[in-house]
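Chemist: The lines below spell out each chain.
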Amino acid sequence: EAQVTQNPRYLITVTGKKLTVTCSQNMNHEYMSWYRQDPGLGLRQIYYSMNVEVTDKGDVPEGYKVSRKEKRNFPLILESPSPNQTSLYFCASRSGFGYTFGSGTRLTVV
Amino acid sequence: AQSVSQHNHHVILSEAASLELGCNYSYGGTVNLFWYVQYPGQHLQLLLKYFSGDPLVKGIKGFEAEFIKSKFSFNLRKPSVQWSDTAEYFCAVNADGAGSYQLTFGKGTKLSVIP
Numbered sequence: 001e002a003q004v005t006q007n008p009r010y011l012i013t014v015t016g017k018k019l020t021v022t023c024s025q026n027m028n029h030e031y032m033s034w035y036r037q038d039p040g041l042g043l044r045q046i047y048y049s050m051n052v053e054v055t056d057k058g059d060v061p062e063g064y065k066v067s068r069k070e071k072r073n074f075p076l077i078l079e080s081p082s083p084n085q086t087s088l089y090f091c092a093s094r095s096g097f098g099y100t101f102g103s104g105t106r107l108t109v110v
Numbered sequence: 001a002q003s004v005s006q007h008n009h010h011v012i013l014s015e016a017a018s019l020e021l022g023c024n025y026s027y028g029g030t031v032n033l034f035w036y037v038q039y040p041g042q043h044l045q046l047l048l049k050y051f052s053g054d055p056l057v058k059g060i061k062g063f064e065a066e067f068i069k070s071k072f073s074f075n076l077r078k079p080s081v082q083w084s085d086t087a088e089y090f091c092a093v094n095a096d097g098a099g100s101y102q103l104t105f106g107k108g109t110k111l112s113v114i115p
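Chains as they are written, first to last, in the working numbering: chain A, 1 to 110; chain B, 1 to 115.
Heads up, a few of these hints could be off.
Computed from the model, here is a short list of chain B residues facing chain A with C-beta under 10 Å [to be verified]: (1) Gly28; (2) Gly29; (3) Asn32; (4) Leu103; (5) Lys107.
As a list, the in silico DSS-like pairs of lysine-lysine whose alpha-carbon atoms are at most 30 Å apart [as the list claims (entries may be wrong)]: (6) A:Lys57 x B:Lys107; (7) B:Lys61 x B:Lys49; (8) A:Lys71 x B:Lys69; (9) A:Lys17 x A:Lys71; (10) B:Lys49 x B:Lys110; (11) A:Lys57 x B:Lys49; (12) B:Lys110 x A:Lys57; (13) A:Lys57 x A:Lys18; (14) B:Lys49 x B:Lys71; (15) A:Lys65 x B:Lys71.
Derived by calculation from the structure, the hints in this document are not laboratory data.
Predicted, not measured: the structure shown is a model, and the values here were computed from it.
We put the CB at the ideal spot given by N, CA and C, even for glycine.
One chain only, chain A, in its complex shape (with noise of 0.2 Å):
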């Protein structure tokens, strides 16, 4: 079955504590990207990658980072968090048809 499969789906850490949330696609795409998901502000994109080695910044890419060492894997990297990266977020991959989105990460940084 084609799919984004993001894990965890729930995370609880402490401010300042690394983290990575991994996101992986068995779809061969080369486009993936990061949203975090707020009320009232719908999805903003995190981060984005158009291949391997190639990630390029989204719309609120502060206090994070990513890498795509290989097609399928782009992990989410918060060095540091903190509590305004409380948030629910989604990765997704796109190929010609459209996009494809993982479950979802609900993160809480206390």
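Put chain B on the given structure of chain A with help from the hints.
Modeler: What follows is chain B alone, placed relative to chain A:
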């Protein structure tokens, strides 16, 4: 840069009422347009999409949307809503041909359907 505006933050309807959710975008070139639905506690699901061709697009669950290029609009419609349509709805646009796959979302419209 492209942007998307959804006119209504929260819409409350009774079952069997007709629904129309507004969506306008700002981009002068060719666009790909999407409507997503997010049921409470769930991830995004694609309702329908427009890439080209017939501007009246039919999607899942009885939803449809009409692309009106002159108005930069892509409004979502359903003739008769059900309680199970209670969800948040997001309009999104990708500026096709701009060398980018960036998908820009509106802020969403919450729909509450009263039985």
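Chemist: Confirm or reject each hint.
Modeler: Outcome of the hint check:
Taken as an interface hint, B:Gly28 does not check out: its beta carbon lies about 20 Å from the nearest beta carbon of chain A, beyond 10 Å. With a least beta-carbon distance of about 18 Å to chain A, the hint placing B:Gly29 at the interface is violated under the 10 Å criterion. Taking 10 Å as the C-beta cut-off, the interface hint given for B:Asn32 holds, the closest approach to chain A being about 8 Å. With a cut of 10 Å, the hint placing B:Leu103 at the interface with chain A holds, because the nearest CB-to-CB distance is about 6 Å.
Using the Cβ-Cβ criterion of 10 Å, the hint placing B:Lys107 at the interface with chain A is satisfied: the shortest such distance is roughly 4 Å. Among the hinted pairs, A:Lys57 with B:Lys107 is consistent with the structure: their alpha-carbon atoms are about 20 Å apart, no more than 30 Å. Restraint check: the Cα-Cα separation between B:Lys61 and B:Lys49 comes to about 14 Å, which is no more than 30 Å; the hinted pair holds. Restraint check: the Cα-Cα separation between A:Lys71 and B:Lys69 comes to about 35 Å, which exceeds 30 Å; the hinted pair is violated.
Restraint check: the Cα-Cα separation between A:Lys17 and A:Lys71 comes to about 27 Å, which is no more than 30 Å; the hinted pair holds. For the hint pairing B:Lys49 with B:Lys110, the CA-to-CA distance comes to about 20 Å; that is within 30 Å, so the pair holds. This hinted pair checks out: A:Lys57 and B:Lys49 have alpha carbons roughly 25 Å apart, not beyond 30 Å. At roughly 29 Å between alpha-carbon atoms, B:Lys110 and A:Lys57 fall within 30 Å of each other, so this suggested pair holds.
For a cut-off of 30 Å, the pair hint linking A:Lys57 to A:Lys18 stands: about 20 Å separates their Cα positions. For the hint pairing B:Lys49 with B:Lys71, the CA-to-CA distance comes to about 18 Å; that is within 30 Å, so the pair holds. Restraint check for A:Lys65 and B:Lys71: not satisfied, since their Cα atoms lie roughly 38 Å apart, outside the 30 Å limit.
Taken one by one, the earlier hints fail for this structure at numbers 1, 2, 8, 15, listed in ascending order.
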